[in-house]
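Protein chains in written order, with the numbering used here: chain Z, 8 to 108; chain F, 7 to 466.
By construction, these hints were calculated from the structure, which means they are not laboratory data.
For clarity, every value in this text was computed on a predicted model and none was experimentally measured.
Where is the CB? At the ideal position from N, CA and C, for every residue including glycine.
Incorrect hints may appear among the rest.
Unchecked claim - Incomplete in silico selection of chain Z near chain F, CB under 7 Å: (1) 15; (2) 18; (3) 28; (4) 29; (5) 30; (6) 35; (7) 37.
Claimed, not checked - Cut-off 20 Å, straight-line C-alpha distance, at most; resulting in silico cross-link-like pairs (EDC-like, lysine to aspartate or glutamate): (8) 182/F - 228/F; (9) 67/F - 66/Z; (10) 251/F - 43/Z; (11) 356/F - 45/Z; (12) 69/F - 45/Z; (13) 67/F - 43/Z.
Unchecked claim - Here's a subset of chain F near chain Z, in silico, CB distances under 7 Å, partners left out: (14) 15; (15) 68; (16) 72; (17) 214; (18) 216; (19) 218; (20) 255; (21) 341; (22) 384; (23) 385; (24) 386; (25) 388; (26) 442.
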Amino acid sequence: MTTIVTDNCKNCRFTDCVTVCPVACFHYDDEMLYIDPDTCIDCSACIPECPVQAIFEGDDIPEDQEHWVEINAEKSAALPVCEEQMEPLPGAEERKAALGF
Amino acid sequence: MANLGTQENPLLVAIVGSGPSGFYAAEALIKSDINVKVDVLERLPSPYGLVRSGVAPDHQKLKQVIALYQKTAESPDFNLIANVNVGTDISIEELCQSHHAVIITSGAETDRKLGVPGEDLNGSYTATEFVGWYNGHPDYRNREFDLSHDVAVIIGQGNVAADVSRILSKTVDELKHTDIAQHALDVLAESKIKEIHVIGRRGPAQAKFTPKELREFGELADCNSVVRAEDLILNPESETELQEKSNIASKKIYDQFCEFSKREIDIGKSKNCFFQFLMGPKELIGSTKLEKIILEKNQLSGEAFKQSARGTEETIELEAGILFRSIGYRGVPIANIPFNDSWGTIPNEKGRITDNNGSNIPQLYTAGWIKRGPSGIIGTNRACSVETVECLLEDIAKLDSETNKAGAKAIYTILDRKNIRHICYDDWKKIDKKEIERGKLKGKPREKYTYIDEMLSELK
Ligand SMILES: Cc1cc2nc3c(=O)[nH]c(=O)nc-3n(C[C@H](O)[C@H](O)[C@H](O)COP(=O)(O)OP(=O)(O)OC[C@H]3O[C@@H](n4cnc5c(N)ncnc54)[C@H](O)[C@@H]3O)c2cc1C
Ligand SMILES: NC(=O)c1ccc[n+]([C@@H]2O[C@H](COP(=O)([O-])OP(=O)(O)OC[C@H]3O[C@@H](n4cnc5c(N)ncnc54)[C@H](OP(=O)(O)O)[C@@H]3O)[C@@H](O)[C@H]2O)c1
Ligand code: SF4
Ligand code: SF4
């Protein structure tokens, strides 16, 4: 079982997910967030918080998003932890609207 | 006088309850840029609240959250004072004397009642006591559950109802390598239950399970999950609810029910778990013990997302010897702290405890289930405790900056005077180690001590 961040988070990074993560396992770069699979306890708390439905867990990961499992593992290992809510990236609201949310 | 929160005059905070919200509050205080000393009081010898005594034994991965709490506990600014009940062993007034601020994070330890005749019959149990029992909570150690009937009914369709139903549906083999208490495993091994009915008062579009929890019912070794296709017909308002993009969790739940309804019943499996909707118990009947349940069929009324269940007067009878109500937890009042009896919570504004007139009471704060009510998962309490700690730190100038507050020392003096045995985090670590050793022998992550005396005697 793994929980991952996917495409929709790109250029949006609302970080609502971060505030409810019980183990602080989100990591970030300039574009989006990634989940560290070794720390994540698969509690699903972050999933309903994401306004653009970017987060999926285990058996629920759509087939066309499965490559994100590896990306989350790799990226999170090298990036800093995001423990607190950050400002959304500029244009986040527009991106959210464009995604239909 | 040195300002409060400096090295010479650290902010002294007492936290009541060592569940997730207590630990997240302690963490937020310790990580803040002021000097603090945090004393966490816990009524049991064991910390971690419902992570230890609520989270299901077959969900071990979630319990890894404890590693983070252990990190907090190792901080030199953290101190655990366990086996002490605030309100009886020591009063809130005494904590307000010894500390600058008190945060109450005592959770929701009791349960809501159905309010129907027969509710207190033998055989009618609460999810709260059953969960406490299988998780080895000392309060419920000696409860007896008679599982010698064919039919068990669970009222409610939240995640706790899912936990209870799943534990009843699983085989001993599926449970024996978890940290389930041995006394519970022994009773479950003798269970005669063949049918489990999980009954919701509203429809399949309003069930409160989370998708992952419901999906697990499709993977049970010896139990079919059954939904009747005709029960999945939706009214227009429920259709609207499921079409709403943000309501994706309910859509997934509904799709899972549809998937169950299409499955052939595997007659090789010895148990069946039926999910049923739009029904509620009207009366529980039995001479000395529960024998049957009168269920009233419900109808939904109201607009989409605000639909409530209403009885139709049409009833059906279900013969059942066991019923668990799983319709929500409820907070317990603490002496001399305001309490909202209808919600079972402490009245507060963003975590600042308020009196009957809505004014803030100095020094008193709250977080977690006792602040918000009994909903939300472990992580929800993190944001909740952070909010409370932010308020506390904003108020720091208003808090009494007396330097001669004695903190933990004053608490120990009071407890010792009353001859109350209290234990610290290092003591708990010894008990913890013993539990893990005991578990190893059986291939379990731990074998819990289920009597307080047993835990304390390990420390001699
Ligand atoms: C059956 C069940 C299963 C759950 N499973 C999951 C799950 O799988 N995943 C998930 O994310 N969430 C789960 N949850 C939710 C999660 O457990 C809660 O969100 C969380 O525990 C609430 O934290 P809390 O600190 O407010 O309360 P609690 O965890 O209840 O902690 C309160 C603490 O205060 C102590 N206390 C109470 N009164 C006093 C007093 N007077 N003096 C001193 N100490 C006192 C109690 O002993 C306890 O240790 C579950 C909840 C239940 C009921
Ligand atoms: N694995 C996990 O992540 C996990 C496990 C356990 C618990 N938890 C969390 O802990 C919290 C508490 O869970 P919970 O299951 O106790 O509460 P819950 O999710 O609020 O579910 C309560 C259920 O009881 C029903 N109910 C309430 N009053 C009723 C009444 N008078 N008659 C009949 N039915 C009634 C509700 O129906 P209505 O919808 O009609 O009100 C609902 O189906 C939740 O946030 C839950 O997600 C999480
Ligand atoms: S809430 Fe969603 S969009 Fe925002 S940072 Fe988290 S995953 Fe990305
Ligand atoms: S599933 Fe839970 S632990 Fe994992 S990233 Fe989401 S909130 Fe954090």
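Hints, one by one, checked against the model:
| no. | hint | result |
| --- | --- | --- |
| 1 | 15 | 12 Å, violated |
| 2 | 18 | 20 Å, violated |
| 3 | 28 | 5 Å, holds |
| 4 | 29 | 4 Å, holds |
| 5 | 30 | 5 Å, holds |
| 6 | 35 | 18 Å, violated |
| 7 | 37 | 25 Å, violated |
| 8 | 182/F - 228/F | 15 Å, holds |
| 9 | 67/F - 66/Z | 16 Å, holds |
| 10 | 251/F - 43/Z | 28 Å, violated |
| 11 | 356/F - 45/Z | 33 Å, violated |
| 12 | 69/F - 45/Z | 14 Å, holds |
| 13 | 67/F - 43/Z | 15 Å, holds |
| 14 | 15 | 27 Å, violated |
| 15 | 68 | 5 Å, holds |
| 16 | 72 | 10 Å, violated |
| 17 | 214 | 12 Å, violated |
| 18 | 216 | 6 Å, holds |
| 19 | 218 | 6 Å, holds |
| 20 | 255 | 6 Å, holds |
| 21 | 341 | 31 Å, violated |
| 22 | 384 | 5 Å, holds |
| 23 | 385 | 3 Å, holds |
| 24 | 386 | 6 Å, holds |
| 25 | 388 | 6 Å, holds |
| 26 | 442 | 19 Å, violated |
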